[in-house]
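Using the sequences provided together with the hints, build the complete structure.
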Amino acid sequence: MPGKHILASFDEALTGLKEDVLELGVLCRSNLSISINALLKRELDQVAQVLSVQDDMISLATRIDEDAMNLIVRFQPVASDLRFVLHSMKVAANLDRIASHVVKIAKRTPKILAIAEVVEVNLLEPLYLRADQALGQSIVAYSDNNPEAVSELSEEDNEIDKLYKKARKTYTSAIEDSPEHYKELIHLMFVARSLERIGDHAVHIAEILVD
Amino acid sequence: MVIEMNQETATLGKETPDEPVIGRIKGKTMIECNDVSFSYDNGKTNTLDHISLDIPEKQVTAFIGPSGCGKSTFLRCFNRMNDLIDSARITSGSINIMGQDIHAPEVDVIELRKQVGMVFQKYNPFPKSIYENVSYGPRIQGVRDKKELDAIVERSLKGAALWDEVKDRLNSSAFGLSGGQQQRLCIARAIAVQPHVILMDEPCSALDPIATAKVEELIMELREKYTIVIVTHSMQQASRISDNTAFFYLGKLIEYDTTKTLFSTPSQKQTEDYISGRFG
Amino acid sequence: MSKTTVNGEAKAFRKKGGFNILGKGLQDLIRYFFGGNAMVAIVVLVLISAFLAKEAFFFFPRHLEELRAYRETGQEYVGYMDAELKAHRKITSQVTQAYNLQIREAAGDELALLEVAQELKGIIRSAAEDEGRALKAAEEKAGVLEFVGGEALEVALADVAAKRSAYNEALQKAGEGVFLDNLERSEVKPSAEDFAKVKRSVVRTLSGEESPWLTELEASISAKQAAAAAKYGEFGEAVESLVAAQSPLENLWSELRTITAENRSAVEKAQTAPRRKKALEDGARLTDDPTKKAEMLARAAAVDLSAPNPEAMTEAVYAKRDEHQAIRKQLFAETESLLKSIPQKVASKQSNEILDDLPKVAEKFEKQFAHLGKQAAAWSHQDKIGMWHSVTTFFLGTEWVTNSSWNDVYGLMPLFSGSCMIALIAIFIAVPFSVASAIYVNQIAGPREQNLIKPTIEFIQAIPSIVLGFFGIVVLGDFLRDVSQWEVLSWIPGFPMQERLNALNAGLLLAFMSIPTIFTLAEDALNNVPKAYRDASLALGSTRLQTILKVIVPTALSGIVAAVLLGFGRIIGETMVVLLVAGNKIAMPEFSEGLGILTQPTHTMTGIIAQETGEVEQGSLHWRALFMVGMVLFTISLVLNSIAQQVLKRYGNKS
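Chains as they are written, first to last, in full-length UniProt numbering: chain A, 1 to 211; chain B, 1 to 280; chain C, 1 to 655.
By construction, these hints were calculated from the structure, which means they are not laboratory data. One or more of the hints may lead you astray.
Partial selection, computed: residues in chain C whose CB lies under 10 Å from chain B [unchecked claim]:
id, residue
1, Ala-223
2, Ala-226
3, Ala-445
4, Pro-530
5, Arg-534
6, Thr-555
Computed footprint of chain C on chain B, listed as stretches where at least three residues anywhere in the stretch have a Cβ under 8 Å from a Cβ of chain C [said to hold, decoys possible]:
id, stretch
7, 75 to 85
8, 155 to 167
9, 184 to 197
10, 259 to 266
Residues on chain B that point at chain A, a partial pick, calculated with CB under 10 Å [claimed, not checked]:
id, residue
11, Ile-110
12, Glu-111
13, Met-235
14, Gly-277
C-beta atoms are modelled at their ideal positions from N, C-alpha and C, and glycine is treated no differently.
Structural data, given as structure tokens:
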């Protein structure tokens, strides 16, 4: 946002909105990292931490919506200001979806850890790294208001999709080979799927910035 | 005066980079301004600086800009009300209305003003009755027949959305009306002479929100018959009711485009700053 | 500053100390001071009004007494006789004038030549003035030396002779140097031959010789006039008889007049008796000298307090009433028959003009005479006069006669109509000028013109009215009279003017004086019209003229009307100018002349007060009458001002 508004409260409101969205993004990323690490290192107590902040993430998303609406009513923004507010709302909606996926992963992790470890769990790591990178890039793109990021992120998403397909194939054949581990393998497939959705949402975020 | 049909699309300004006006306005041209400069002190300083734009007919065009940017001055050029000030004059360029240069020596200013009407910021009905106010214009043009005048008064008051409210008290004083009604009376008075153009200089600035809304609605209706040019301080009003908007700053035309474009994706940073409330 | 007391209650909004007397602060005292000043003005105004009213009020009872006295002494009856005589005299004077004109004109040409001779005499004599004077000096010297005799006398006489011949020479030369063109006064220009004759005769006469031509001329004049007299013998006789017919009535009138005048002074003496008695008694009390005291007391006792008896007073009148009627009838009959023998047309044009008018005058005379006769027949000294009569006689009376030895009459109408005439003239001239100027200055003129015209017009207010009056007497009067003599303007009623000082003169000056008042207020009213109306009107495509006439002037109309009313009030109250310039003739304007009355001299209410205040006795009826006139003026001003205020209040403030 170039230049200061004459009305200082207008600037403060816009800044606050942006910070909230960024905060939500950071929360998503860090909680995702904690969940996956808990899964890979088989540490249960970390999961509890994620579950404790899930309400915070939801209320933050709600608050972002309310603030955005107040901003519109109060300041009747036009042009780039209006675009920014609308973007923030849509980005927050996507981050909210990402957050719910993170929570799903966190909820699934204890169930996975209850069963014996399977070697195929390692396939999740590269998928997670890619997804996390995409998420990080999308948040930066939002922060910088950079519509160019969409092309890079599309490529990332393609890679994520490839990794996901490979993982799915591997898991499906593993279930055929060793049917007694089917429970764990199915859970892992769902986790992989969540990671893939997260990648999609990251691309959506970048797409929002292009109008 | 003969209405000359100009180009279908009125273009504005040139495409050179330092010319600030771009955008396509559609419609037949009613008022054409070419490189108009204006001064209040015999040319020593220019209040308006090389303004070129075309105002299309039967649309609402809004002039916005900070105080003192020259938009009211520019508006008053169209009906040559600035002639009343001794030292004021056009220092360059020309203004053509319906194809006729309005500063040509053969032009009678009185005739011009019959075709280009004006509504002022502070409503100013005459201290006469409602009927006499509206019939003033036709009367001075020579209409004497009472029936004809009655018809004109009724038509004008209906056109100003005031008829139902005053039809039973046409002979009462105009000052008995509320502020919004008085302003609509002034509009009725202006349209009684059936001008081609109606100039409005901040017509709602003295009115409360409901009266403002009524006048705005009236403007939207009048659009079908008259070309309206409105100067306004309220950007929300400009964005609500105008088809095209011109942004002025310090006597220069910064941007002129359709309202939709100017308010959502203005091309000039100055415009963006002004409409977003950012300056400095 | 603690906001709470020790108890903790809020001690808010109390005044902190300050000036204080009797519980009233400084603000209050200032208010009383200003209010008091305003009150003083109002109180003074009320006192003045009350004083005027008091003095004027007692006018009517006293007036009533006078009116009663007029009737009870029989003076009223004599007044009828007086009117009869006046009416008859109008006829006799007209016929006499016609006759004399005719006789005179019979020798018209000759008389013209005589006039030329007179003028030439003056011219030639002044041309030879020096020689004439030298001659006179020499003659005087000789006259003195006559007693001495001897040689000196001879020398002197020789000198006289020499001077005489020098004088005669000078006269001759002067005579040769005069031409027809030099004649200024004579209306008729004689022929060249006649002119030469006249010159020669004049020179001769001035030289001390006889001029046969002149003698011949004079003889010719007498002859022609005698012939005319013979020709119009009947006419002349009729005129004589008419005049003679008046005598019986005149004699009776004179007789009764003396009697009733005595009656009146007796009445007045009785009126002042109580005061005289009291004055003597007071004087007796105050003096120490015993003889004087006794004398005064005796005189006081001798004062007759009784009022004269009306019956006794009017006895003589009733006694002569029948005689009066008889004389009247005879006079009337004689007049009728004599008028018949007046020729309707004679040779002289001027006489004919008068004779043409005669039937009308005769008719008027008949009517008046008959009316007066009826009044005289019906007169009774006992007829009651009510207070209402006193009032109407004052307000509607058509005569104002004061300091008369016969009877004072106080009638307001001549003065009121004079004031009104002058005021109307002034307003008719001033209003278009001022209002048009105001419109021009306010709406049309540029700033430079405005700055020139406005202060100039407003300066007129500063001119002292005496200066304007002086201007009116010295300059305007002559100018107007000369202009009125122009042929081109003779169609204007009242032109050519006879008098320099008349209503028109005063009206013009007053118009000039009131222009600034009306102009300033009207211009103010126009200025107060909001500019927005002008803008709106122009934006609708009206011309400047239409805007001015249809929007701006109607809006400012109430202010303009108020301005005119105030100007009118000022005009009515103006004294100095009318006193000097209006002509001071107290008479009802002769409405028969139509608009011509404007060029007649007239008097005004303000003028009469200024003029007669010096000569009036305090407390007398005349004194009160003047107060009454002042009261009328006061009331007129009050009414005009309040109307102006009402107009402004009701129709003003259109923004």
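Next item on the list: List in ascending order the numbers of the hints, as given earlier, that are violated by the structure.
Entry: Violated: hints 1, 2, 3, 8, 10, 11 and 12.
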